[in-house]
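2 protein chains.
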Amino acid sequence: MEVAQLKTIIRDIPDFPKPGIIFKDITPLLADVEAFQTTVDAFAKRYGDKGIDAVVGIDARGFIFGGALAYRIDAGFVPVRKSGKLPHKTHLVEYDLEYGTDKVEMHIDAVGPNHRVVVVDDLLATGGTAEATCELIEKSGATVVECAFVVELDFLNGREKLKNQEVFSLIHY
Amino acid sequence: MEVAQLKTIIRDIPDFPKPGIIFKDITPLLADVEAFQTTVDAFAKRYGDKGIDAVVGIDARGFIFGGALAYRIDAGFVPVRKSGKLPHKTHLVEYDLEYGTDKVEMHIDAVGPNHRVVVVDDLLATGGTAEATCELIEKSGATVVECAFVVELDFLNGREKLKNQEVFSLIHY
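The listed protein sequences correspond, in order, to chains E and X. Throughout, this note's numbering is defined as the position within the first sequence, counted from one, plus 726. Throughout, this note's numbering is defined as the position within the second sequence, counted from one, plus 726.
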């Protein structure tokens, strides 16, 4: 399967999580062996020779792609989670949502100053979570080589919020 | 690295998530390339020739191991999530916690009657979530070949709650 075909497998769910939003459901892509392999392989091709020490996956769908990618390219895996989920000492970054704020955490010893990491999530929307994740990584002194997404919603300008980072997405809407 | 060595990499966190509980923190195992590879490879060796159509990963740490395993053995990946997270129509199972109840969901079209699946999570504690996950899978008519865990807390008797299922764990406490 080609990367260009992945778009045909992603499902539109109208009015989720709230009225007026069309949710891009990537679960059919996960369930399709060839589509999932194509997705992970596309990331592996891009990052396999970049000296990546760790894949940082964003809770929770970023764990699926990030776990597979880390395995495939012989990197470690580091979870970034919503506040209160990680058991050890953490760095914490608070960021703005449309209404209110949210917080993400990463263990303070998860990555170090000489580490090169790639950030993985399923979807780039407004970019708030990914930007906060990059800030967590930089607090630890590590280098964000790139932020990688399966799907990017171009009209939400997440790339603008991540303007200090390299950004790569397989599929654009 | 041997599976027997994985235990040395898992970290005890006292009093998390509440006083008196010693949390088994698997994030050092994820961050260690060799340990993560050993873990996924051990599952792949066990399930690679069992005709597995889908790996069902339990939200959220089960996504990391499950995603990597699905990729490795050429299976699809299916997420089971806490209530309200999945966008499409779902089966739902409510199950008892120590205090109160919880709910897990799986998309109704995620697996079908001829599918053979393996359930993956990081930890088998009391077994409530895993048992509910098996029930979701059986509602869809699919067959649970086995439930696979990285860590099993033997003293919590999760295996007894899963007595109708095959259960396999890499590490026991």
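Source of the hints: derived by calculation from the structure; they are not laboratory data. It should be emphasised that the depicted structure is a prediction, and the values quoted were computed from it without experimental measurement. Keep in mind that a hint or two might mislead.
Since the list gives no way to pick one copy over another, a pair counts as held whenever it fits inside one copy or between any two copies.
Stated by the list, open to error - Result set (SDA-like, lysine to any residue): computed pairs, CA atoms no more than 20 Å apart in a straight line:
#1 Lys811 x Asp741
#2 Lys771 x Pro740
#3 Lys733 x Lys887
#4 Lys808 x Pro743
Status of each hint after checking the structure:
1. Lys811 x Asp741: between (28 Å within a copy, 13 Å between copies)
2. Lys771 x Pro740: Neither, since 33 Å and 41 Å both go past 20 Å.
3. Lys733 x Lys887: neither (24 Å within a copy, 41 Å between copies)
4. Lys808 x Pro743: both (18 Å within a copy, 14 Å between copies)
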